[in-house]
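Those sequence lines, one after another, are chains A and B.
0 is the number of the first residue of the first sequence in numbering that gives the first Met the number 0; add one for each residue after it.
0 is the number of the first residue of the second sequence in numbering that gives the first Met the number 0; add one for each residue after it.
Please keep in mind that the hints were generated in silico from the structure rather than gathered at the bench.
Here a beta-carbon is modelled for each residue, glycine too, at the ideal position from N, C-alpha and C.
Some hints here could point you the wrong way.
[Said to hold, decoys possible] For lysine-lysine, the following BS3-like pairs were computed, each having C-alpha atoms within a straight-line distance of at most 27 Å:
| hint | chain 1 | residue 1 | chain 2 | residue 2 |
| --- | --- | --- | --- | --- |
| 1 | B | K39 | B | K1 |
| 2 | B | K60 | B | K9 |
| 3 | B | K9 | A | K108 |
| 4 | B | K60 | B | K1 |
| 5 | A | K108 | B | K1 |
| 6 | B | K60 | A | K33 |
| 7 | A | K1 | A | K33 |
| 8 | B | K39 | B | K9 |
| 9 | B | K39 | B | K60 |
[To be verified] Short derived list, chain A residues pointing at chain B, Cβ under 8 Å:
| hint | residue |
| --- | --- |
| 10 | G53 |
| 11 | N64 |
| 12 | P66 |
| 13 | E93 |
| 14 | A100 |
| 15 | K108 |
| 16 | I110 |
| 17 | S113 |
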Amino acid sequence: MKAAVIVFPGSNCDRDLAVAFERAGMDVTMVWHKDTALPEGMDIIGIPGGFSFGDYLRCGAIAANSPICRSVVGHAERGGYVLGICNGFQVLTETGLLPGALMRNANLKFICKSVGLKVETSDSAFTAGYNAGQVLSIPVAHHDGNYNADAELVARLTGEDRIAFTYMDNPNGSVADIAGVLSENRRVLGMMPHPERAVDERHGGTDGSAMFRALMDQLATA
Amino acid sequence: MKARVHVMLKNGVLDPQGEAVRHALGSLGFDGVQGVRQGKVIELDLAEGTTEATVRDMCEKLLANTVIESYSIELG
Numbered sequence: 000m001k002a003a004v005i006v007f008p009g010s011n012c013d014r015d016l017a018v019a020f021e022r023a024g025m026d027v028t029m030v031w032h033k034d035t036a037l038p039e040g041m042d043i044i045g046i047p048g049g050f051s052f053g054d055y056l057r058c059g060a061i062a063a064n065s066p067i068c069r070s071v072v073g074h075a076e077r078g079g080y081v082l083g084i085c086n087g088f089q090v091l092t093e094t095g096l097l098p099g100a101l102m103r104n105a106n107l108k109f110i111c112k113s114v115g116l117k118v119e120t121s122d123s124a125f126t127a128g129y130n131a132g133q134v135l136s137i138p139v140a141h142h143d144g145n146y147n148a149d150a151e152l153v154a155r156l157t158g159e160d161r162i163a164f165t166y167m168d169n170p171n172g173s174v175a176d177i178a179g180v181l182s183e184n185r186r187v188l189g190m191m192p193h194p195e196r197a198v199d200e201r202h203g204g205t206d207g208s209a210m211f212r213a214l215m216d217q218l219a220t221a
Numbered sequence: 000m001k002a003r004v005h006v007m008l009k010n011g012v013l014d015p016q017g018e019a020v021r022h023a024l025g026s027l028g029f030d031g032v033q034g035v036r037q038g039k040v041i042e043l044d045l046a047e048g049t050t051e052a053t054v055r056d057m058c059e060k061l062l063a064n065t066v067i068e069s070y071s072i073e074l075g
C-alpha cells in the first residue's frame, strides 16, 4: 500500500501524517509542492495540516493552485483516495474536490484542544473502523475551521450520508456542527480535527489509529 | 494600467471579523453602527490592453472564493 504526503512551504503536520500512515503499514513518499507529477502507483494522497504559503490570500488558496495539486485533482478524478486534514481540508475545498468553504472561527480565536468528535457514518474507507455514533477524542488546532455551506448543500450532504464527523460541542461555528465531509464517491475526506495527532499513547490518545488501520485494510482489499 | 479588485463576503454569509469591528466601534462610543462587513482590496499592475474578462478570470480562479465571496472590478 503506497501513500504520498504533499509538502508545501508552511506545512507542519506532514511528518506526523507520514508516521500515522507508516504505523498502519503503508510505504510513504513525501512529495514537494513543486513536483508536477505524483509518484507512480499511489493508493492514497495525504494533504497535511499547517499554514501552506503563510495562509496568504485565503487558507489553502495558493496551495490549491500549485502544480502538484493539479495532479492530486487528477488522482481524485480517476477514483483515487485523498485525505486532507486541517489545512489539507481547506486546500481540498479550494480545489473544488470538496464542497463548501472554511471561514474564520466564529469567536475569532485560534482553537487548540482535544474535542469530542462524533462519527456520523462508517460507510467510507476512512471511517469503516468506527461505528456510526461513536464519539472520539481528537485534537483540533485551527483559526479557520468554521465550515460554511448553504442550507441546500447541508441537506444534500446529509441526504447522501457524506458528513463524516460532527463536533459534540461546536468550537468554531461550523454549520450543522460539521467537522469533516466526504466526496460524492466517498474517496476524498476533508476534516479539521487531526487524527494523525492521536495515534500513539504519548499523544495522549489513540482514537485516530482506527482511521489509518481501516484505510490500510480497505485499500488492500479494494 | 491598473485594476482594483474588491472582494467581499457574500450577503448572508456571517462575517465574524466585521461583527468584532462593529462591537469595538460601539465600545468607542460610536452609536448607531448597525453593521460592518470587512473585505479586501487587491491592486493589480497590468500590461496595457489587459481585458476586464481576463481580470474576471483571475477572480474566478484565484482572487475570490466564489463559494463565499463576491467581487467587483475597477479598471484604470
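Consistency of the hints with the structure:
1. Taking the CA atoms of B/K39 and B/K1, the gap is about 16 Å. The hint holds against a cut of 27 Å.
2. Between B/K60 and B/K9 the alpha-carbon distance is near 17 Å, which keeps this suggested pair within the 27 Å criterion.
3. For a cut-off of 27 Å, the pair hint linking B/K9 to A/K108 stands: about 22 Å separates their Cα positions.
4. About 19 Å separates the Cα atoms of B/K60 and B/K1, which keeps this hinted pair within 27 Å; it holds.
5. A distance of roughly 36 Å separates the Cα atoms of A/K108 and B/K1; the hinted pair therefore is violated under the 27 Å criterion.
6. A distance of roughly 19 Å separates the Cα atoms of B/K60 and A/K33; the hinted pair therefore holds under the 27 Å criterion.
7. Pair hint A/K1 plus A/K33 holds up; C-alpha atoms about 20 Å apart against a cutoff of 27 Å.
8. Among the hinted pairs, B/K39 with B/K9 is consistent with the structure: their alpha-carbon atoms are about 13 Å apart, no more than 27 Å.
9. Among the hinted pairs, B/K39 with B/K60 is consistent with the structure: their alpha-carbon atoms are about 17 Å apart, no more than 27 Å.
10. For A/G53, the interface hint is violated, the least distance from its beta-carbon to any beta-carbon of chain B being 15 Å, above 8 Å.
11. Restraint check, A/N64 versus chain B: the minimum CB separation of about 6 Å is within 8 Å; hint holds.
12. With a cut of 8 Å, the hint placing A/P66 at the interface with chain B is violated, because the nearest CB-to-CB distance is about 14 Å.
13. Contact between A/E93 and chain B, as hinted, is supported at the beta carbon level, the nearest pair being about 7 Å apart and thus within 8 Å.
14. At about 4 Å, the closest approach between the beta carbon of A/A100 and any beta carbon in chain B falls short of 8 Å, and the interface hint on this residue holds.
15. At a threshold of 8 Å, the smallest CB-CB gap from A/K108 to chain B is about 10 Å, leaving the interface hint violated.
16. The interface hint given for A/I110 is violated, since its Cβ lies 13 Å from the closest Cβ of chain B, which is over the 8 Å cut-off.
17. Because the smallest distance between the Cβ of A/S113 and any Cβ of chain B comes to about 23 Å, over 8 Å, the interface hint for this residue is violated.
Violation of the numbered hints given earlier is confined to hints 5, 10, 12, 15, 16, 17; the remaining hints are satisfied by the structure.
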